[in-house]
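Modelling step: build the complete structure from the supplied sequences, incorporating the hints.
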Amino acid sequence: MQHSTINLNLKVWRQKNAKDSGRFETYKAENISTEMSFLEMFDVLNERLINEGKDPIAFDHDCREGICGMCSMHINGRAHGPWQGTTTCQLHMRAFKDGETITVEPWRAQAFPVIKDLTVDRSSFDRIQQAGGFVSVNTGNAQDGNALPIDKDKADASFAAAACIGCGACVAACKNASAMLFVSAKVSQYALLPQGEPERNTRVMNMVAQMDKEGFGACTNTGACEAECPKEISISNIARLNREYINAQMSL
Amino acid sequence: MTWKEYFTSSIGRKLVMAITGISLILFLIVHATVNGMIFFNDHGEMFNFYAHFLSHNYILRLIEIGLFIGFILHIVQGLMLWSQNNSKRPVKYAVNPGNATSKWYSRSMGILGSLLLIFLVIHLSHFWWGTKMALYAHGDAEHNLFEEMKNAFSKEWVVVVYLIGVISLCWHLLHGFSSAFQTLGINSPKYNGMIRNAGFIYSILICLAFAMMPIAMYFGWIA
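Protein chains in written order, with this note's numbering: chain W, 1 to 252; chain F, 1 to 223.
Just so you know, these hints were derived from the structure itself, not from any lab.
Glycine included, C-beta positions come from ideal geometry on N, C-alpha and C.
Just so you know, not all the hints are guaranteed correct.
Said to hold, decoys possible - Simulated crosslink set (SDA-like; lysine to any residue; CA at most 20 Å straight-line):
| # | chain 1 | residue 1 | chain 2 | residue 2 |
| --- | --- | --- | --- | --- |
| 1 | W | Lys11 | F | Lys92 |
| 2 | W | Lys175 | F | Gln84 |
| 3 | W | Lys213 | F | Phe7 |
| 4 | W | Lys97 | W | Lys16 |
| 5 | W | Lys116 | F | Phe7 |
| 6 | W | Lys11 | W | Arg94 |
| 7 | W | Lys19 | F | Pro90 |
| 8 | F | Lys190 | W | Lys16 |
| 9 | F | Lys92 | W | Ala18 |
| 10 | W | Lys175 | F | Gly98 |
| 11 | F | Lys155 | F | Ala223 |
| 12 | F | Lys155 | F | Gly220 |
| 13 | W | Lys175 | F | Ser108 |
| 14 | F | Lys132 | F | Phe68 |
| 15 | F | Lys155 | F | Ala211 |
| 16 | W | Lys11 | F | Tyr93 |
| 17 | W | Lys213 | F | Leu120 |
| 18 | F | Lys4 | W | Lys11 |
| 19 | W | Lys175 | W | Glu226 |
| 20 | F | Lys155 | F | Gly98 |
| 21 | W | Lys16 | F | Lys4 |
| 22 | W | Lys19 | F | Tyr93 |
| 23 | W | Lys175 | F | Ala100 |
Stated by the list, open to error - Facing chain F, a subset of chain W residues (Cβ under 7 Å, in silico):
| # | residue |
| --- | --- |
| 24 | Asp55 |
| 25 | Ile57 |
| 26 | Ala58 |
| 27 | Asn76 |
| 28 | Arg94 |
| 29 | Pro113 |
| 30 | Ala177 |
| 31 | Ala218 |
Structure, rendered in structure tokens:
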């Protein structure tokens, strides 16, 4: 396998805390392997900053295999960088050219305040989830597997919606900072299954109400969220969310 | 949930935009059809006949009130959504994705809509106001709308303003048509192709028909 190293100029957003107004700072990242992930490149840079006695750049990360939803960088104007269907940790440095200048910003949204540098507070997503993203289960022994028959297509659509990792790229990509794709995935995941039936109407109403309360924008159907989602959640889920919302209000 | 909560929520507001939008889409079909009567090239006889019929029928007068309510709801709600949505990202990005993730006209509905609002005011003052004045202020006076049209479209600036209006309308419809169906929850492989194609054909046809009216009159193709 061809192995090469590149040198990069990084323009990174630095912000001490939520109250600081923040600014861009430029760093040189040298001898970066093209097989590194974007986060590993930041590890190398931070290592150097620590050795130089400087404050390392704060960024969110956890599993580094694309399933936890923690990494959250807006790279050259794109949520999770230029690749389709990947998180920042799955973005490799071979996506960039030698000598390129890369601008890295945190997610920008009123509902996602910056904590420090590139980390943002996404607890608004947790509160939306707590408002309705659950199902009631009976206590006692667990039910037998496959006791409830479920249509294969619906199970697949529910599974596809459940792939949402709640990273917030949809909000970051949307010109209105709308969380509609996230909420629609969470609502769809349950609305398609019999287990979600008991709270079906209250779930969609409460989750949408919480979404509005958190200060996310409304959907204008531009489709930018779908284009940037690392799990490729479809905006057909937003249509389902709208249907659920209409049905919930129209039901007696 | 109360109806007030429902229609002031982010989805409720979008539903108002979609329902009024589809009503306005239907209205444009009627508007283009009636105005298209000028293309019979019969010195506006057919056109004036229908214009007279439309302005003197009580049922249609009542429907016109509904049309105005639809326009006002769509405009006011649209402007409110535009300003509210703009405030949801207080610190903007230094680098934006441009057209890589969405179409420019889907992001520009507020600007296109505002251009259309300016056009609408000019348009109403040109034709609607005169018709109403003749009908109500001057005791149902004789009013030749066809001549008024010819007169208005003999001026270059009017033709240019109308063409800008029609082009804005075309882009506005290209996004608005399919967007309305998505908001109403209609998104399925069974219908998506149909909606997309119908929206494209509708936007082009309606706007071509409207664009041809000032052009044809300016160049004297219609006597």
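Do the hints match the structure? See the list:
Taking the CA atoms of Lys11/W and Lys92/F, the gap is near 16 Å; set against the 20 Å cutoff, the hint holds. Annotation: proposed proximity of Lys175/W to Gln84/F holds, straight-line Cα distance about 12 Å (limit 20 Å). Our distance criterion of 20 Å between C-alpha atoms is met by Lys213/W and Phe7/F, whose separation comes to about 15 Å. Taking the CA atoms of Lys97/W and Lys16/W, the gap is about 30 Å. The hint is violated against a cut of 20 Å.
In summary, the hint linking Lys116/W to Phe7/F is not supported, as the alpha carbons are separated by about 37 Å, beyond the 20 Å threshold. Between Lys11/W and Arg94/W the CA atoms are separated by roughly 18 Å; this keeps the pair inside 20 Å, and the hint holds. With a C-alpha separation of about 14 Å, the suggested pairing of Lys19/W with Pro90/F holds against the 20 Å cut-off. Under the criterion of a C-alpha separation no larger than 20 Å, the hint pairing Lys190/F with Lys16/W is inconsistent with the structure, at around 51 Å.
For a cut-off of 20 Å, the pair hint linking Lys92/F to Ala18/W stands: about 16 Å separates their Cα positions. For the suggested pair Lys175/W and Gly98/F, the alpha carbons sit about 11 Å apart, so the restraint of at most 20 Å is met. A hinted pair counts as satisfied when its Cα atoms are at most 20 Å apart, and Lys155/F with Ala223/F qualifies at roughly 16 Å. For the hint pairing Lys155/F with Gly220/F, the CA-to-CA distance comes to about 12 Å; that is within 20 Å, so the pair holds.
At roughly 10 Å between alpha-carbon atoms, Lys175/W and Ser108/F fall within 20 Å of each other, so this suggested pair holds. Taking the CA atoms of Lys132/F and Phe68/F, the gap is near 14 Å; set against the 20 Å cutoff, the hint holds. Under the criterion of a C-alpha separation no larger than 20 Å, the hint pairing Lys155/F with Ala211/F is consistent with the structure, at around 15 Å. Between the alpha carbons of Lys11/W and Tyr93/F the distance comes to roughly 13 Å, so the proposed pair stays at or under 20 Å and holds.
About 35 Å separates the Cα atoms of Lys213/W and Leu120/F, which puts this hinted pair outside 20 Å; it is violated. Annotation: proposed proximity of Lys4/F to Lys11/W is violated, straight-line Cα distance about 46 Å (limit 20 Å). Of the supplied pair hints, the one linking Lys175/W and Glu226/W holds, its CA atoms being roughly 13 Å apart against a limit of 20 Å. The suggested pairing of Lys155/F with Gly98/F is violated, with an alpha-carbon distance near 38 Å, which exceeds 20 Å.
At roughly 42 Å between alpha-carbon atoms, Lys16/W and Lys4/F are farther apart than 20 Å, so this suggested pair is violated. Only pairs whose Cα atoms come within 20 Å are accepted, and Lys19/W paired with Tyr93/F is accepted, the gap being roughly 18 Å. Simply put, Lys175/W and Ala100/F have alpha-carbon atoms about 13 Å apart, close enough for the 20 Å limit, and the pair holds. At about 21 Å, the closest approach between the beta carbon of Asp55/W and any beta carbon in chain F exceeds 7 Å, and the interface hint on this residue is violated.
Interface hint status for Ile57/W: violated, as the beta-carbon distance to the closest one in chain F is roughly 16 Å, over 7 Å. Because the closest C-beta pair between Ala58/W and chain F is about 17 Å apart, greater than 7 Å, the hint is violated. Because the smallest distance between the Cβ of Asn76/W and any Cβ of chain F comes to about 6 Å, under 7 Å, the interface hint for this residue holds. For the restraint placing Arg94/W at the interface with chain F, the shortest Cβ-Cβ distance is roughly 19 Å, beyond the 7 Å limit, so the hint is violated.
Interface restraint check: Pro113/W against chain F, minimum CB-CB distance 10 Å, threshold 7 Å, status violated. The beta carbon of Ala177/W is positioned within 7 Å of a beta carbon in chain F (closest approach about 4 Å), and the interface hint is therefore held. For the restraint placing Ala218/W at the interface with chain F, the shortest Cβ-Cβ distance is roughly 4 Å, inside the 7 Å limit, so the hint holds.
Comparing the model with each earlier hint shows violations of hints 4, 5, 8, 17, 18, 20, 21, 24, 25, 26, 28, 29; every other hint is respected.
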